[in-house]
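These protein sequence lines are chains A and B, in that order.
One rule links them: number in my numbering = place in the first sequence (from 1) + 325.
One rule links them: number in my numbering = place in the second sequence (from 1) + 54.
Bear in mind the hints are in silico, worked out from the structure with no lab data behind them.
Within a straight-line C-alpha distance of at most 25 Å, the following computed DMTMM-like cross-link-like pairs (lysine to aspartate or glutamate) qualify:
#: 1; chain 1: A; residue 1: K402; chain 2: B; residue 2: E156
#: 2; chain 1: A; residue 1: K402; chain 2: A; residue 2: D379
#: 3; chain 1: A; residue 1: K393; chain 2: A; residue 2: D327
#: 4; chain 1: A; residue 1: K385; chain 2: A; residue 2: E401
#: 5; chain 1: A; residue 1: K377; chain 2: A; residue 2: E401
#: 6; chain 1: A; residue 1: K430; chain 2: B; residue 2: E156
#: 7; chain 1: A; residue 1: K433; chain 2: B; residue 2: E156
#: 8; chain 1: A; residue 1: K377; chain 2: A; residue 2: E388
#: 9; chain 1: A; residue 1: K430; chain 2: B; residue 2: D139
#: 10; chain 1: A; residue 1: K385; chain 2: A; residue 2: D409
#: 11; chain 1: A; residue 1: K385; chain 2: A; residue 2: E341
#: 12; chain 1: A; residue 1: K393; chain 2: A; residue 2: D380
#: 13; chain 1: A; residue 1: K374; chain 2: B; residue 2: E156
#: 14; chain 1: A; residue 1: K430; chain 2: B; residue 2: E113
#: 15; chain 1: B; residue 1: K133; chain 2: B; residue 2: E76
#: 16; chain 1: A; residue 1: K374; chain 2: A; residue 2: D409
#: 17; chain 1: A; residue 1: K433; chain 2: B; residue 2: D139
#: 18; chain 1: A; residue 1: K377; chain 2: B; residue 2: E156
#: 19; chain 1: A; residue 1: K430; chain 2: A; residue 2: E367
#: 20; chain 1: A; residue 1: K433; chain 2: A; residue 2: E388
#: 21; chain 1: A; residue 1: K430; chain 2: A; residue 2: E401
#: 22; chain 1: A; residue 1: K374; chain 2: B; residue 2: E80
#: 23; chain 1: A; residue 1: K433; chain 2: A; residue 2: D409
#: 24; chain 1: A; residue 1: K374; chain 2: A; residue 2: E341
#: 25; chain 1: A; residue 1: K385; chain 2: B; residue 2: E156
#: 26; chain 1: A; residue 1: K393; chain 2: A; residue 2: E333
#: 27; chain 1: A; residue 1: K381; chain 2: B; residue 2: E156
#: 28; chain 1: A; residue 1: K393; chain 2: B; residue 2: E156
#: 29; chain 1: A; residue 1: K433; chain 2: A; residue 2: E340
#: 30; chain 1: B; residue 1: K134; chain 2: B; residue 2: E76
#: 31; chain 1: A; residue 1: K430; chain 2: A; residue 2: D327
#: 32; chain 1: A; residue 1: K374; chain 2: A; residue 2: E333
#: 33; chain 1: A; residue 1: K402; chain 2: A; residue 2: E367
#: 34; chain 1: A; residue 1: K402; chain 2: A; residue 2: E388
Just so you have them, the derived chain B footprint on chain A, three or more residues with Cβ under 8 Å:
#: 35; segment: 370–383
#: 36; segment: 425–438
Counterexamples of contact, computed for chain A against chain B with all Cβ distances above 12 Å:
#: 37; residue: E341
#: 38; residue: F343
#: 39; residue: T349
#: 40; residue: E388
The structure presented is a predicted model; accordingly, all values stated were derived computationally and were not measured.
Beta carbons are placed, not taken as given, at the ideal position from N, Cα and C, and that holds for glycine.
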Amino acid sequence: GDSVTQMEGPVTLSEEAFLTINCTYTATGYPSLFWYVQYPGEGLQLLLKATKADDKGSNKGFEATYRKETTSFHLEKGSVQVSDSAVYFCARRSGAGSYQLTFGKGTKLSVIP
Amino acid sequence: SQTIHQWPATLVQPVGSPLSLECTVEGTSNPNLYWYRQAAGRGLQLLFYSVGIGQISSEVPQNLSASRPQDRQFILSSKKLLLSDSGFYLCAWSAGRTGSYEQYFGPGTRLTVT
Chain A
326 GDSVTQMEGP VTLSEEAFLT INCTYTATGY PSLFWYVQYP GEGLQLLLKA
376 TKADDKGSNK GFEATYRKET TSFHLEKGSV QVSDSAVYFC ARRSGAGSYQ
426 LTFGKGTKLS VIP
Chain B
55 SQTIHQWPAT LVQPVGSPLS LECTVEGTSN PNLYWYRQAA GRGLQLLFYS
105 VGIGQISSEV PQNLSASRPQ DRQFILSSKK LLLSDSGFYL CAWSAGRTGS
155 YEQYFGPGTR LTVT
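Next comes chain B alone, as it looks inside the complex:
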C-alpha cells in the first residue's frame, strides 16, 4: 500500500531563517506531487505541483520554492522566512493518468515563524 511521509511534524523558525520541508511517498511510482498551505482556520492554497522529476509548476508567486530531486521526494524551501509563511503545510500525491484523480495527503508540518 502507498504511504506518504512529511517531516518535521512541527517547526518554529525565526524570521529570515531558511526552510526545508521534506515529503516522500512509498509504494507507488511516477506520482504527481503537490504542496499546499493552510493558514489558520482557512482553506487550502496550492503552492506547487510536479508531474515528474525536475518538473515544478508554481501556483502562487512568493518566497517559497520547490524541488523534486527524486521520483518520490518533494522538497519545499525558502531562503528567508516571513511571518506570513506561518501555517500548516501539506504534501499530497496522486497517481498520474488514472480515472478519478483523487489526492492523498500527508500528516502535515506545522510551521510557526516568530
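Chain A extracted, bound-state conformation:
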C-alpha cells in the first residue's frame, strides 16, 4: 500500500547548521506531498506542500522539492534556529480518490544554542 518513510531521528543540530530530513514515498501515481511541523504539546501545522513533480514548496526558510525520479520530498533549511525544535512529519495523499493522508512516523529535531 501507500507509505511514507522518513528518517526517524532524533536529529540534534547546533544553531545555524544546515538541516536535511529525508522523506521518500511509494510511487503510486503522483500524489500531493506535505510537510507538517508539531511543536511540543500542540497540534500539527502545515509547513509546506507540493502538488506535482518538480514543484518546490517553501515556507519560513524551509524548502522541499517534489522529485518524481527518486520518489523523494526531502525537507531542507539553510540555517536552523532554536525555535525550529519540533517534530516534523512528511505526508502524502493516500491514493487516487482518497481524502486521507498517509504520514511518516515523524522526525524529532532539537536545535541547541
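Go by the hints and put chain B onto chain A.
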C-alpha cells in the same frame, strides 16, 4: 478564515469511565473531518473520518466511536475507557474536492486514563 477548536484541552479519566471529545470547525462548509490518536513519542494513527453528516468511516476497530451530528461538529466517544486509550487526540479538517487535500489540525486533547 477557518479555525478548528477542540475541547477539552486535557482530561484525566479513570478506567471504565465514558469519554466525549468535541471538535468544531468554523469558516468553511462541508469539510471532511478526521480523528487521529498520537501515542507518546509515536506517529499518527487515523481513527475515524467523515465526508458528511452522519457518514463515519472507521479505520481501526476498538472501543471508540465517532459521530457527526452537524456539518462542522465531530465527536469522539467511548462507553468505557481502557488504559490503552491514553494519548493525544487530534481532530483535523480538509476541504472536500479540492486539488491538494491538505489537512488542518486542531490543538489536540491530552487524555490520560488512570
